[in-house]
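**Q** The letter at position 78 of the sequence shown is residue 187 when you use the working numbering, and the numbering goes up by one with no holes.
Treat the hints as calculated values from the structure; they're not laboratory data.
Any given hint might turn out to be false.
[Claimed, not checked] In silico EDC-like cross-links for lysine to aspartate or glutamate, where the CA-CA straight-line distance does not exceed 16 Å:
1. K219 / D246
2. K126 / E233
3. K219 / E243
4. K247 / E199
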Amino acid sequence: MTHDPLFHGLNSSDIEKLRQENGSNALPPPPVRRWYQILGAVVNDKTIWILSAAAAISVGISVIRGENVFEGVGILLAVCIAVGVGFASEFRSSRAFQALLAESDRMKIKVVRDGKFHVILADELVVGDLVLMETGDKVPADGAVVKTVELSFDTSTIT
110 MTHDPLFHGL
120 NSSDIEKLRQ
130 ENGSNALPPP
140 PVRRWYQILG
150 AVVNDKTIWI
160 LSAAAAISVG
170 ISVIRGENVF
180 EGVGILLAVC
190 IAVGVGFASE
200 FRSSRAFQAL
210 LAESDRMKIK
220 VVRDGKFHVI
230 LADELVVGDL
240 VLMETGDKVP
250 ADGAVVKTVE
260 LSFDTSTIT
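Work the whole structure out from these sequences, hints included.
**A** The structure is reproduced here in structure tokens:
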């Protein structure tokens, strides 16, 4: 490690004070969508409402005419299948998103504190920390580049 004071990093004694002043490097988690909220969002689709109305009208007309109600029931069955598939898909993606957020909170990063390398969790990072980035590392927070060799970023995940 170089003896340049710039690369000494923060002093351990300053970490808690900086965390108190600036807060944690963690984003507040978005509210967890409950199953009934997901189901409500799927059912509240215009197409579902239109198909449900068509099923009701078809059943009503069939009953008035004394005919079989297969068409209306078929439409209603298709609506139920669409709601079920939509709910299952949304529910799985919601849970996968929550797991992805939890994983990003456990990301480990390398910092320099008291002139020594330390590995910490990304949410333990504080303003002023000196972060060592290597090939393949994810950027844990906003920051300024102090020194670089062949620096490049893949920004495809943020677009």
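**Q** Evaluate each hint against the coordinates.
**A** Taking the hints in turn, this is what the structure says about them:
A distance of roughly 10 Å separates the Cα atoms of K219 and D246; the hinted pair therefore holds under the 16 Å criterion. For the given pair, K126 sits about 13 Å from E233 by alpha-carbon distance, which is consistent with the 16 Å threshold. Annotation: proposed proximity of K219 to E243 holds, straight-line Cα distance about 9 Å (limit 16 Å). A threshold of 16 Å between alpha carbons decides the hint, and for K247 with E199 the separation of about 27 Å lies outside it, so the pair is violated.
Violated hint: 4 only; the structure is consistent with all others.
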